[in-house]
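Asks: If you read the sequences in order, they're chains A and B.
Its first residue numbered 1, the first sequence is counted upward by one per residue in my numbering.
Its first residue numbered 486, the second sequence is counted upward by one per residue in my numbering.
Calculated directly from the structure, the hints in this document are not laboratory data.
Hints are not guaranteed to be accurate.
Unchecked claim - The calculated label-pair distances, taken between Cβ atoms and stated as ranges, are:
1) ALA632(B) with TYR293(A): 55 to 61 Å
2) ASP235(A) with GLY575(B): 27 to 33 Å
3) ASP142(A) with ASN530(B): 50 to 56 Å
4) PHE458(A) with ASN721(B): 29 to 35 Å
5) LYS477(A) with GLY575(B): 37 to 43 Å
6) ARG59(A) with ALA632(B): 45 to 51 Å
7) GLY265(A) with GLY943(B): 32 to 38 Å
8) LYS6(A) with GLU832(B): 55 to 61 Å
9) GLU576(B) with MET108(A): 44 to 50 Å
Stated by the list, open to error - Below, simulated DSSO-like cross-link-like pairs (lysine-lysine); rule was C-alpha separation at most 27 Å, straight line:
10) LYS80(A) with LYS565(B)
11) LYS628(B) with LYS566(B)
12) LYS477(A) with LYS600(B)
13) LYS16(A) with LYS53(A)
14) LYS685(B) with LYS138(A)
15) LYS502(B) with LYS628(B)
16) LYS459(A) with LYS429(A)
17) LYS752(B) with LYS613(B)
18) LYS946(B) with LYS201(A)
19) LYS688(B) with LYS78(A)
20) LYS613(B) with LYS201(A)
21) LYS241(A) with LYS600(B)
22) LYS78(A) with LYS685(B)
23) LYS411(A) with LYS459(A)
24) LYS685(B) with LYS117(A)
25) LYS80(A) with LYS750(B)
26) LYS565(B) with LYS231(A)
27) LYS941(B) with LYS201(A)
28) LYS941(B) with LYS851(B)
29) LYS502(B) with LYS138(A)
30) LYS66(A) with LYS688(B)
31) LYS688(B) with LYS477(A)
32) LYS851(B) with LYS922(B)
Glycine included, each C-beta is placed from N, C-alpha and C at the ideal position.
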Amino acid sequence: MEKWEKLSKMPYKEIKELQDRKLRAFMANQIYLYSPYYSNLLKELKIDPIKIKGIDDLRHLPFTYKWDIAPTDEEPQKAKDFVIRPDEEVTEKYGHLAKMSMTGGKAMVEERVYDFKPVHIHFTTGRTAMPTPFVYSKRDLDNIREAGYRLLDVFEVTPDDIVVNCFPFAPHLAFWQTFFAGEKMNVANFHSGGGKIVGTKNLMDAFEYLRPTVAVFIPGYCYYFLREAVKQGRDFSSIRKIFFGGERVPPGLKDKIKDLFKQLGAGEVMVLATYGMTEAKVAWPECPSHEEYHGYHLYPDLEVFETVDPESGEPVGEGEEGEIVYTSLDWRGTAVLRYRTGDIAKGGLLLEPCPNCGRTVPRISSNIQRKSELKEFSMTKVKGTLVNLNNFFPLMMGHPDIEEWQVEMRKRNDDPFDMDEIYLYVAPKENVDREKLAADLKQKVLRDTEVSLTDIIFKSVPEVVSQLGMETELKEKRILDNRPS
Amino acid sequence: MQAWNKVSRMPAAAIKKMQDEQFTKMLREEMAVRHPYYRELFKENNINLDQIKGVDDISNLPFTEKEDLLPMEADLRYPKKFVLEVPSEGEQKGKKKGFALFGKKDTGPDPSDYKFHTLYFSAGRTGKPVPFEYTHHDLRNLKEAGARAFDILGLTRDDTMINAFTYAPNAFFWQMFYSTVDTGSTALQAGGGKVLGMEKILKAMDNMEAPVFICSPGYAIFALQTLEHFGFSAENLERVVTGIDYAPMETVGKMARLMESVGAKDKRVQRMYFIAEAKSGWAECDPGYGYHTNPDHILVEIVDPDSGAVVEEGEKGEVVITHLDTRGTVLLRCKTGDIATGGIVTEPCPNCKRTVPRIMGDIERKAYHFDLHSSDGPVQFNGNNLRKMMIARDDVLLWYLEIDRHGGQDALNLVVKGVSGSDEGELLKSLEEEMKKVISVPLTVESATLDAVANKIGLEKFITEQVIFDNRNL
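Let the hints inform the model, and build the full structure from the sequences given.
Replies: Take a look at the structure:
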């Protein structure tokens, strides 16, 4: 791992040389020798790892898809094959490490093998596939700590801040990335576990007790939490920054959040976004700016990002829209090569220095159409049309007249062969003209998702909050597919 | 805290001397100077700290009750009164120049040791959770306490474990987390049933072939009882480490039987005792040998719960905590509401030979001692004994007890869900007979569905299950 202060100022040419060098070593010394899945794949495809000279050669490797890793009932241990492990199962005598026993003795070999031992585990949050474990070695924990430090550094969080982590507790990346970031930055913290764990009222009490300067949230819960806080006349005047993870933050929602913080006594709160994925084992920060979007800063010594045409799989040019493809670099534990994330970076991959902060590391555009969080629903056939349900998020989250919402897909008469129906539950703000709002929503939903709603059903905020499972689910249920299969 | 290999072998007299020094220092240099609550308390009560020469004089100081710590709606920052103030930069003396080989390098308090770092809460079993502030100094101590507990339990980096302690921002979960990470063992931080649910936890145990399962006692028993239902194997399971909630010896026996019945590789059960007020937890090397405390961190007294008088070594009494080496939230003579049935002993552990004081017997909950009204007059009822009785039975899956008052007389209602395959009628009858032997107030015993009992006791909802409900609003 490079020093962030040095890495973030390196010219791109040097960054690429560094990545080339690291990839060569990673392929030859780790992946080919100790990753059961890739070792077999490379042998099957007769790809000589030595011939992978640099990141430009990645295109010679096949893609890895979610279903290649996700465990199934037939193969529950599938994900284990993606773990770099020089154990007896994979290499009879620990591969080249065994040679060390001649000079360092058996104990030394054992120590080196221990370096690869998984010590920490995260799971993916998929709803349809079985959760996939991604494991970290002790060395990998240093990587996630360093990634966290970089994330906080970009967000200009310092050891003088107090951070409240409101991500729901789970063996998931979001909570733990925040924890390890705080550990490395040595910043005072409170890892609440979210409303589901401590309850919304207790969490508000903790805010008033601690007077934190930074809060970390899932956007949907944050919006609910702040509205409740305003109702209760809470004092959150200490908050300076808030950062989100878990899902996209539409611009309209950012405005709503800022406005709520003003009502809670805070000044101009900086709303920041992160992008992360379990498969990459880290999260990246969006460059902070009140006005413009400058993209997420990547860690080129820990990964390689490519953007490809989602149909053909061919790489697209710099700054061109494409699907994000991720390759691990210098990790132990679970490592994936050319993993198709399904997320579309609208503004592509950017290699020139950031115009906002001057850091030279590659950036991925802020406008990411996330597939990983809502993969199962994102492109769904409703009424015979392929619907992009992601489009509900910016529309509904950013709508100034809406407090809460939920989409439900059903079949007419609950008959699997009958027509698809799509219902929108809306809890409007007070004193909003419902007729006008309904007309506006019908038109905008048609424009953004290309389907017409079966009906819009107005409900009270507590009713929709309860339907969403805001305080009981790890993540609120925004889109329900209740169509019988 | 000091080096464990030194503390764990110190003779009792040396431990006493060390605690005398630490206690008087803590009292004079921390509590009297920068502790808002105790500073005021000492002043108000004209307590002359010069007369407190060591641990033996501690009974001249007042107790801190749990109620004293509780946050108030009107002032959420009230618990800050129990937090040491950060010393000013001016209090830090310059480093002594010259030859530092002899004498202590006393440079005065280091402000960074006092700076807030993280916040944990009490489990809130009996009321509103109390915040406990931890500084870097406390976090180091928490990690050290965790490392010592793993040493006592004999857990190493070669172990693979599921940490199924319910996630909450408390020291119980986090001590266990730091122990696993610092030891370098393979661990899934599951967060308990509330986060992952039973099926996923059992599946992870099966898939990871984990030999060590760390869990609260009630949930661990429930897991072992329902393993078959979910169709998972526990063939690699070797030991259960239990904590958070009290685990009487009956728990150990029951778990061992269950482990055997599900085909576990071994049937070792070990216990840990966590008290939020102690800002850490203690482990027991083997069941029955007592929880090995950290005498360089916390001073443990055992007192008569009513009179407050310190009881003799090995006698039953309430656990009282005094901090010897903490920053952030600091407590003096805090009554925990926990009763140690075997008191505290200072002779070396006959099992592991460590010399630290040990809290013996089972831990009981003072809040489970009830004064009941019967037609024949007042009756004492110890709910802890009922809990032990119910744990010991192999035919009970889940249960709870309600205490109600009708017309000035108290009545008990025991609600149970038997294990699958048990004869419900027989179960209710035998429970009624067993209960009537020990309690003379009117009693009803009834069965309920799994969901109804699980919901009532807060299984997978709260940090630990609540099994006794006093509905009398006294």
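Asks: Next, verify each hint and record whether it holds.
Replies: Do the hints match the structure? See the list:
1. ALA632(B) with TYR293(A): 55 to 61 Å: 46 Å, violated
2. ASP235(A) with GLY575(B): 27 to 33 Å: 32 Å, holds
3. ASP142(A) with ASN530(B): 50 to 56 Å: 51 Å, holds
4. PHE458(A) with ASN721(B): 29 to 35 Å: Given a distance of about 54 Å, which is not inside 29 to 35 Å, the answer is violated.
5. LYS477(A) with GLY575(B): 37 to 43 Å: 56 Å, violated
6. ARG59(A) with ALA632(B): 45 to 51 Å: 48 Å, holds
7. GLY265(A) with GLY943(B): 32 to 38 Å: Between GLY265(A) and GLY943(B), where Cβ atoms are some 35 Å apart, the hint holds.
8. LYS6(A) with GLU832(B): 55 to 61 Å: 58 Å, holds
9. GLU576(B) with MET108(A): 44 to 50 Å: 48 Å, holds
10. LYS80(A) with LYS565(B): 48 Å, violated
11. LYS628(B) with LYS566(B): At roughly 25 Å apart (the allowed maximum being 27 Å), LYS566(B) and LYS628(B) satisfy the hint.
12. LYS477(A) with LYS600(B): Judged against 27 Å, a Cα distance of about 40 Å means the pair is violated.
13. LYS16(A) with LYS53(A): At roughly 12 Å apart (the allowed maximum being 27 Å), LYS53(A) and LYS16(A) satisfy the hint.
14. LYS685(B) with LYS138(A): 24 Å, holds
15. LYS502(B) with LYS628(B): 25 Å, holds
16. LYS459(A) with LYS429(A): 11 Å, holds
17. LYS752(B) with LYS613(B): 37 Å, violated
18. LYS946(B) with LYS201(A): With Cα atoms ~16 Å apart, LYS946(B) and LYS201(A) stay inside 27 Å; holds.
19. LYS688(B) with LYS78(A): At roughly 15 Å apart (the allowed maximum being 27 Å), LYS78(A) and LYS688(B) satisfy the hint.
20. LYS613(B) with LYS201(A): 12 Å, holds
21. LYS241(A) with LYS600(B): Given pair LYS241(A), LYS600(B) holds - Cα atoms ~21 Å apart, limit 27 Å.
22. LYS78(A) with LYS685(B): 17 Å, holds
23. LYS411(A) with LYS459(A): Measuring from Cα to Cα gives roughly 21 Å; hence the hint holds.
24. LYS685(B) with LYS117(A): This hinted pair holds, its Cα atoms lying about 23 Å apart.
25. LYS80(A) with LYS750(B): Judged against 27 Å, a Cα distance of about 23 Å means the pair holds.
26. LYS565(B) with LYS231(A): 26 Å, holds
27. LYS941(B) with LYS201(A): Given that 27 Å is the threshold and the Cα spacing comes to 22 Å, the pair holds.
28. LYS941(B) with LYS851(B): It holds: about 22 Å lies between the C-alpha atoms, which stays within 27 Å.
29. LYS502(B) with LYS138(A): Given pair LYS502(B), LYS138(A) is violated - Cα atoms ~40 Å apart, limit 27 Å.
30. LYS66(A) with LYS688(B): The hint holds at about 21 Å.
31. LYS688(B) with LYS477(A): 25 Å, holds
32. LYS851(B) with LYS922(B): 22 Å, holds
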